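Construct the complete structure from the given sequences, taking the supplied hints into account.
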Amino acid sequence: MAGKKASKKVIKAKICLNKSIAPDYFVMRIESGWLARNSSPGQFVTVKIQENVKDPLLRIPLGVHAIRGKGIDLLYKVVGPGTRCLSSRNKGEKIDVLGPLGNGFDLAPLARGQDPRVVVVAGGHGIAPLYALAEAITTKRKKVDFFNGVYTRKNIVCSKELKKLGARVRIATEDGTQGHKGYVTDLLEKKLKAGAYDPKNTVIYACGPRPMLAALAKIAERFGVPAQVSLDAYMACGIGACLGCSVMTTDGYRLVCKDGPVFDAREIVW
Amino acid sequence: MDLQVTIGKIRFKNPIWVASGTFGYGEEFLDFVDLDNIGAIVTKTLTPEAREGNPPPRLVETPSGLLNSIGLENEGVDHFKAEHYPFLKKLKTRIIVSIGGLRKEEFERCAEKLSAEDPPDAIEINLSCPNVTHAGTRHAYISQDPRATERIVSACRRKAGCAVIAKLTPDVTDIAVIAGAAEAGGADAVSLINTCPGIAVDAEEMKPVLGNIVGGLSGPAIKPIALKAVRDVYGKVKIPVIGIGGVMTGIDVAEFMLCGACAVQVGTANLADPVAYDRILGEFETYLRQKKIEKASSLVGRLKT
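Taken in sequence, the protein lines are chains A and B.
End of the first sequence sits at 270 in this note's numbering; the numbers just go up one at a time, nothing left out.
End of the second sequence sits at 305 in this note's numbering; the numbers just go up one at a time, nothing left out.
Rather than coming from a laboratory, the hints here were simulated on the basis of the structure.
Because the structure is a prediction, the values reported are computed rather than measured.
From the three backbone atoms N, C-alpha and C, an ideal C-beta is built for every residue, glycine too.
Any given hint might turn out to be false.
[Said to hold, decoys possible] Pair by pair, the computed Cβ-Cβ distance ranges are:
| id | chain 1 | residue 1 | chain 2 | residue 2 | range |
| --- | --- | --- | --- | --- | --- |
| 1 | B | Ser297 | A | Val53 | 30 to 38 Å |
| 2 | A | Lys19 | B | Asn37 | 18 to 26 Å |
| 3 | B | Thr133 | A | Pro109 | 51 to 59 Å |
Next comes the structure, spelled out in structure tokens:
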């Protein structure tokens with residue numbers, strides 16, 4: 001045990017920024033050279049919302065949104081008392097972060113075949129880890145087709161930043177206030193039906209609500225396109241000890257925190 | 001400062017252990033805790049055959065607590081012996097293996113397999129398992145039923161080549177009666193409390209949150225219940241009592257010992273913070289120093305009433 005390099009740590013990181021980027025959407029930038037050096041797209045951290053309180057009791061899992069030189073960014077949506085409290089943390093305060101956790105997206109398929117097309121599909125605040133992914137991929141000089149699905153146009157985030165990476169951004173809004181009216185998975189299906197992507201030379205990466213990922217998995221299966229999905233789950237320890245975050249796969253229960261959060265879409269029993 | 005605790009023939013370096021189901025099999029916490037510092041590690045509950053566990057969601061946070069229904073997912077006692085036990089045995093900390101089952105024969109099988117060669121320091125019998133054999137009595141859990149408790153403890157006592165600790169549910173009218181039954185069955189100690197039954201509701205979807213509907217509540221919310229249970233049992237049995245339920249700080253450890261616990265188990269705190277153990281141990285030592293207490297064991301049962 002002595003001398004073994006830790007793969008994950010508990011770090012008290014300084015908050016550089018914690019600001020709203022859209023109604024209920026926040027980005028928190030934290031300073032940690034260690035997390036910047038050791039995180040990969042698709043991994044996540046768990047954050048202690050406040051010190052010395054019994055409520056909230058547990059940490060919140062948040063996907064690594066961006067990996068910067070001096071630290072990482074976390075993008076989160078205020079959905080309850082925990083995230084609301086998180087949104088009130090101030091620049092300059094220290095925040096207790098555990099990570100990096102989980103397996104991250106597998107980029108190996110991008111090195112196979114004939115320069116495969118990369119399709120990234122985001123649903124709601126599932127966009128959080130997909131920015132880091134898009135950045136890693138575009139840094140390797142590969143193009144990204146980014147499909148962003150939200151309920152209504154004021155929930156759209158990251159478009160500017162993604163376009164700056166050179167990604168092609170397509171929007172779907174359920175209420176039709178921008179882009180395609182309807183689900184992002186319908187938009188993707190439309191493009192696949194129209195032959196926009198060669199199934200044998202395309203890889204899909206997705207993150208979003210469970211029903212969206214289930215629909216995406218069905219579409220990917222039907223068109224024969226390999227797809228990786230990033231799941232989330234109610235989580236306690238985040239380190240594979242409590243067995244709380246299980247998801248049913250074709251190989252029995254697996255842990256979202258340790259075996260995931262990224263899984264092959266075909267593995268999941270939706 | 002002397003932190004040692006002795007139970008039967010076993011000497012523990014300190015009275016702060018980690019609870020079953022919250023520390024995996026130890027390896028998961030290697031990056032966060034020096035495992036050799038821990039008083040004892042209680043493993044996840046093992047059953048004779050592998051168990052898949054309950055459908056998700058398996059846990060949800062509730063006010064100052066955690067509701068869980070993992071469902072005793074484990075790979076079975078044989079797999080544990082081959083894959084996890086060797087690592088645990090190499091540690092300088094005491095190892096307590098938790099066992100569970102539905103029938104006396106299943107508990108016996110676990111106790112036998114673990115005692116075959118190189119038994120652990122103790123086995124902890126998880127008596128919050130469903131009471132299938134005595135289902136007619138309408139006691140849902142074994143440790144709601146004094147007869148079933150004495151029977152299972154006694155069977156384990158006969159088969160175990162190590163100390164036997166009986167872990168009790170709080171969901172009873174008088175936990176001291178159950179503790180008495182465990183003592184009569186030959187338990188070397190009792191540990192209490194296991195989780196408190198509870199439910200969480202999603203009013204938006206109009207459904208229970210947990211896949212199994214009912215779960216067990218743990219964490220700070222149950223500490224008052226656990227402290228009372230420890231005090232009730234301490235007054236009634238001669239065997240040592242180990243306190244479990246909402247220990248988050250070194251002060252909590254002292255509270256349990258004052259009520260009669262010779263040791264405590266830290267559970268949910270590990271899930272909230274993987275580095276919790278070292279902090280709690282440090283806080284307990286600070287308390288002893290501030291109170292000028294030389295021997296931690298002198299705290300036991302010292303609650304002034």
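So, going through the hints one by one against the coordinates:
1. B:Ser297 with A:Val53: 30 to 38 Å: Check passed, 32 Å falls within 30 to 38 Å.
2. A:Lys19 with B:Asn37: 18 to 26 Å: violated (41 Å)
3. B:Thr133 with A:Pro109: 51 to 59 Å: holds (53 Å)
The structure is inconsistent with hint 2 alone, although it conforms to all the rest.
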